[in-house]
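Protein chains in written order, with our numbering: chain Y, 1198 to 1550; chain V, 1198 to 1550; chain X, 1198 to 1550.
Calculated directly from the structure, the hints in this document are not laboratory data.
Any given hint could be a false lead.
Chain copies aren't distinguished; within one or between two, either way the pair holds.
Within a straight-line C-alpha distance of at most 35 angstroms, the following computed DSBU-like cross-link-like pairs (lysine-lysine) qualify [what the hints assert, rightly or not]:
(1) K1495 x K1533
(2) K1336 x K1509
(3) K1267 x K1515
(4) K1545 x K1532
(5) K1249 x K1533
(6) K1388 x K1205
(7) K1462 x K1282
(8) K1369 x K1266
(9) K1336 x K1366
(10) K1295 x K1315
(11) K1532 x K1542
(12) K1278 x K1515
(13) K1336 x K1512
(14) K1315 x K1515
Since the structure is predicted, the reported quantities are computational estimates derived from the model, not experimental observations.
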Amino acid sequence: MNNNLKIKLSEISEIVGGKLVGDSNVIISSLAKIDEADEGDLTFLYLSSYEKFFDSTHASAIFVKPEFKKTRSDISYIEVKEPEKAFASILLKFFSPKFELVGIDKTAFIDPTSSLGKNVALGKNVVIGANCKIGDNVKIFHNTVLLENVEVGEASLIFQNVSIREDCKIGKRVIIHPGTVIGADGFGYQKDEKGVYHKVPQIGNVIVEDDVEIGANSTIDRAALGSSIIGKGSKIDNLVQIAHNVSLGINTIMSAQSGISGSVKVGNNSIIAGQVGISGHLEIGDNVILIAQSGVSKSITKPGIYFGSPAKDFKTAKILEAHFRNIPEYVERIKKLEEEIKNLKEEKEQNKG
Amino acid sequence: MNNNLKIKLSEISEIVGGKLVGDSNVIISSLAKIDEADEGDLTFLYLSSYEKFFDSTHASAIFVKPEFKKTRSDISYIEVKEPEKAFASILLKFFSPKFELVGIDKTAFIDPTSSLGKNVALGKNVVIGANCKIGDNVKIFHNTVLLENVEVGEASLIFQNVSIREDCKIGKRVIIHPGTVIGADGFGYQKDEKGVYHKVPQIGNVIVEDDVEIGANSTIDRAALGSSIIGKGSKIDNLVQIAHNVSLGINTIMSAQSGISGSVKVGNNSIIAGQVGISGHLEIGDNVILIAQSGVSKSITKPGIYFGSPAKDFKTAKILEAHFRNIPEYVERIKKLEEEIKNLKEEKEQNKG
Amino acid sequence: MNNNLKIKLSEISEIVGGKLVGDSNVIISSLAKIDEADEGDLTFLYLSSYEKFFDSTHASAIFVKPEFKKTRSDISYIEVKEPEKAFASILLKFFSPKFELVGIDKTAFIDPTSSLGKNVALGKNVVIGANCKIGDNVKIFHNTVLLENVEVGEASLIFQNVSIREDCKIGKRVIIHPGTVIGADGFGYQKDEKGVYHKVPQIGNVIVEDDVEIGANSTIDRAALGSSIIGKGSKIDNLVQIAHNVSLGINTIMSAQSGISGSVKVGNNSIIAGQVGISGHLEIGDNVILIAQSGVSKSITKPGIYFGSPAKDFKTAKILEAHFRNIPEYVERIKKLEEEIKNLKEEKEQNKG
């Protein structure tokens, strides 16, 4: 964090278009969570579960919703509709980390057939294979390896220990976190009559479009033929698996430990939550939300929320889950019915007798 | 892909033992998926869901099944029983990537007590610890680390940023993708009376037999004692976890994000699909197929297909899933029965009265 | 393993406080599993499923429970209450691996503003960024990268290809296995009205307390603000995901491929088994055990065992699972009831007629 920053609260209020209540001359030097804030810190409140910290916070100022009861006079308030967003915008504007890396380290290797743009920074032991094209203002941290024919668009940021295999294309302003592997062979084999698996060469590549972010230790396999594609603006978390020939749409989210099997197409603006799995050759449409741990074995083209393994539409899944918890009661009701039928039949027998 | 290749279609047809329909002099220079193919490309059709692309493909030739309706005259056909296999064999024969790496880079470190076979290639910053034995024609890419006493059999290919810890043995023709860790300590502790965990030293190793392939960012832990074993010809996908003292049979498949707990034995020719988990100390037999996301908490020795968490035989699992979806209907039927019983009882009371 | 060790069995018996039955002069040179043991090996028996190996083991000595039937006279016994613990203590005392790494390799880079304690060992191509503090007796293996302001406490062991990002603090006697990433950005975005995601800067850090062990290829994200915390003595397996602002208690276990979403607090002495997932902003108390593949979508504050997705208390989950398997029978009973009602009604109609 930038440790020497001093910003007047009135300036902050103006930037976010908020209403300042309290001392507009307060100087903000840092941001913090409400339960950890100290003098000079700006904080925010948007989840009611954090309100319990309001009485004791040491923050100097706080973003709150207009309706929030301002019971303390030793703290300044900025009223905004969405405190979280206001806070994030100040974080972005004044406290963005710099990811400092300057120049080309002398231990970095650049194949002479490759070209670097202006102002590229390469860390220690970086390897740039043959015929790569690295755009302006790209930063590649230590021990990262790019094999031949890789392209990286301008202003992209690639952290340490990343592997990008031959022929893969990385767009502009892409961020790739440590340990991620792009372009490993897809998992493709032919089984012979003896049950022995023979590798099918994987000769496609991976295309990562502009503004994508990929978390740590994720894996995106190259296509068998053609390209595996991560659409513009999509965000991928840690330990995510994307198989060969997958195509992910625009502005789609994949949370940690989710996985997509081969040749799946996912649309735009969809959300694949943590530990979700999608079987091969399926189609997932736009605006589909898959809740955590769901398992998808059939295509889902209708926008909506889905849950379960196998996945069902969320409303149905919730009803079924409630029924599931009630089964013991249903069984009791069946037992009671059986007894009553038995009684009715016995009575009838007696009446006959 | 090899960009200068020119093969006559008649030659291709002969290799796969197919029947050529159309112009046998067509020259093939590349392979492509049907929806991406261009002039000079050979493609194939085996899934009916891709038939919609047939009318518009620009491919020059196509592998099809004999019964396929050859409605276009501007394209040449090779009829084969299994178009996918024929295509893969041509891919393998003419378009296999070379994974070019030649010689021993001057930044690679080889401990003087280690021995290298003929024609070994070591990339930049590779570390080969003490007493390692590296076979002929092995390629080890950049930044990969082998600690002491590691053996790698001939013609194995180890990509970048791989870690192989001390004493592990890698067979012949093994492929290990980037970021994979072989031989990390197993997860073993003794808990004392205060609830503090004490590490149990893990002094075994990992043995990877011949012709195994291991995907990116997977982890195979060393045995506590003895060996964790990956059997000959088995194929392991990305982000797979294999715990200490696991033994995997021959020609067994583990798909992405699946995991096996400690001391599990898995047989031959089995398939463990994506995100499957297997609890510790179990036995999984030969020819067992575990469908994606299954959780196995009891040994499975009978060949067959299994699904669910906890896993059940697939037929049962499908019946239960259908019932599960029907529970709301069953509850309605119970309600109706309750009403009818109530009516019957009321009528009887009235009759008595 | 130390190959030149020779220990008298009587000495071993004394150390573990056991009762020696047989030849006290037997010399032990190694430890092994019962089915793999050879002459000179000490082994142990605690699971009844391994007793089948007793008749044929070549071990020279064995830890057994006092009640074990000592049917062989060519083997020496040490009776102890807990054979597994006795074995582990001998393993720990005599056979602990040394993880040999000595001195600072000339290819390691240490920023001049960083400080190293006594007896630090740095492997090849290690990168230590600006303003780091490395404690006494720390070992950092090859190709590991620490960015600026990282602290590592004394006697910690960091294996190869590990990434620790800026500002993270690692305690004393911490072990980090290969490929693990500590301090990558948390997965935090603000979505604008066009559906475009904007990155929220992640300016916190990760604090790993003393005596923690972290497996291979795991990921622990830095906090958005403040710290993600791994409590003292906690043990984390391979391929585990810990999101931003998570706080893990003391002596808590996370098994392989489990994952915790953002801002979750987990208590002390809890166990999170393999492939478990926990949704964001929840609280998991002390002494909570989550069985493998469970999915937690609500806070769990009561100690106990939980299972399922969504997770239920284990006793309930077991009852529900049994009912689930019985649904076909329940449906049969409903059908039978329907028939009987139908018969009763028909009979009544006939009686009326």
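Hints versus structure:
Taking the shortest Cα distances, K1495 and K1533 sit within 35 angstroms of each other only across copies (34 angstroms), while inside one copy they are farther apart (39 angstroms). Proximity of K1336 to K1509 under the C-alpha cut-off of 35 angstroms is found in neither arrangement, the shortest distances being 43 angstroms within a copy and 47 angstroms between copies. In this assembly of identical chains, K1267 and K1515 lie within 35 angstroms of each other by CA distance neither inside one copy nor across copies; the values are 39 angstroms within and 49 angstroms between. In this assembly of identical chains, K1545 and K1532 lie within 35 angstroms of each other by CA distance both inside one copy and across copies; the values are 20 angstroms within and 21 angstroms between.
Taking identical chains as interchangeable, the C-alpha atoms of K1249 and K1533 are never at most 35 angstroms apart, the minima being 49 angstroms within one chain and 50 angstroms between chains. Within a single copy, K1388 and K1205 get their C-alpha atoms only as close as 69 angstroms, which misses the 35 angstroms cut-off; across copies the closest is 27 angstroms, which meets it. Taking CA atoms no more than 35 angstroms apart as the test, K1462 paired with K1282 passes in both settings, with 32 angstroms inside one copy and 24 angstroms between copies. With identical chains, the CA atoms of K1369 and K1266 are never at most 35 angstroms apart, being 45 angstroms at best within one copy and 45 angstroms at best between copies.
In this assembly of identical chains, K1336 and K1366 lie within 35 angstroms of each other by CA distance both inside one copy and across copies; the values are 16 angstroms within and 25 angstroms between. Taking the shortest alpha-carbon separations for K1295 and K1315, both the intra-copy value of 18 angstroms and the inter-copy value of 32 angstroms come in at or below 35 angstroms. Taking the closest pair of Cα atoms, K1532 and K1542 come within 35 angstroms of each other both inside a single copy (15 angstroms) and across two copies (17 angstroms). In this assembly of identical chains, K1278 and K1515 lie within 35 angstroms of each other by CA distance solely inside one copy; the values are 32 angstroms within and 46 angstroms between copies.
For the homomeric pair K1336 and K1512, neither the shortest alpha-carbon distance inside one copy (46 angstroms) nor that between copies (53 angstroms) is at most 35 angstroms. Taking the shortest alpha-carbon separations for K1315 and K1515, neither the intra-copy value of 55 angstroms nor the inter-copy value of 59 angstroms comes in at or below 35 angstroms.
Hint compliance for this structure: hints 2, 3, 5, 8, 13, 14 are broken, all remaining hints hold.
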